[in-house]
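Under the UniProt record's numbering, the first residue of the sequence shown carries the number 1, and numbering increases by one thereafter.
If you are wondering where the hints come from, they were derived from the structure by calculation, not from laboratory data.
All C-beta atoms in this analysis are idealised placements derived from N, C-alpha and C, irrespective of residue type, glycine included.
Errors might be hidden in some of the hints.
[To be verified] What follows is a set of in silico ranges between Cβ atoms, one per label pair, in the way DEER data are often shown:
| hint | residue 1 | residue 2 | range |
| --- | --- | --- | --- |
| 1 | VAL28 | ASP92 | 27 to 37 Å |
| 2 | PRO83 | ASN103 | 43 to 53 Å |
| 3 | GLY100 | GLN130 | 19 to 29 Å |
| 4 | LYS78 | VAL34 | 28 to 38 Å |
| 5 | LYS32 | SER138 | 53 to 63 Å |
| 6 | SER147 | SER84 | 52 to 62 Å |
| 7 | ILE105 | VAL28 | 46 to 56 Å |
| 8 | ILE105 | ASN148 | 52 to 62 Å |
| 9 | ILE142 | ALA96 | 46 to 56 Å |
| 10 | ALA31 | ILE105 | 47 to 57 Å |
| 11 | ALA96 | THR35 | 36 to 46 Å |
| 12 | LYS33 | LYS81 | 14 to 24 Å |
[As the list claims (entries may be wrong)] Taking lysine-lysine and the DSSO-like style, the derived pairs with C-alpha atoms no more than 30 Å apart in a straight line are:
| hint | residue 1 | residue 2 |
| --- | --- | --- |
| 13 | LYS78 | LYS116 |
| 14 | LYS81 | LYS126 |
| 15 | LYS116 | LYS126 |
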Amino acid sequence: MTELRGSATHWEPREDVPDLLQEYLEKVERAKKVTKGRRKEKTPQKQVKSLPSNGAILRRSRQNRNGKPSVTSCATTKTWKPPSGSWEEEIDSIDACGYGENNEIIVYLTWRNGQKTRHDTSVAYKKCPQKMLKYYHSFIRIAVADSNGITCVENPSDLNVGE
């Protein structure tokens, strides 16, 4: 006697097992054929669009149930350009830095008007040097040696230098 997998209470004579196995495999093949006919065709992969030369990050518009755009974002209809001159007062935050396609460092900015852009560090250093300095400064931890060893200070004002 052979115990069927997953059934502790059902036993079959050993000579019936090959027939049961063949019946099971045929059932699985029929199920595969039925579900194969029901599968939808795969949609083609969407192409990744490169960013515009001005660095603006375009937002994807919403789509209705038919797959057609129903609401168009203002970022896709108008081309926004960063102001000429200094950006110090126009930038809300520097969100991140990362590597570009050619291993150059890219800076991701959020503007006070809600726009998000990306720029090469050489541009950011010229247009908003103080913002870049504050961004880098937020990652600095200062180490101080005292009689107990080395202590890292999160806030430089905690150093009590000159007191």
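Legend entry - Hint numbers contradicted by this structure: 1, 2, 4, 8, 9 and 12
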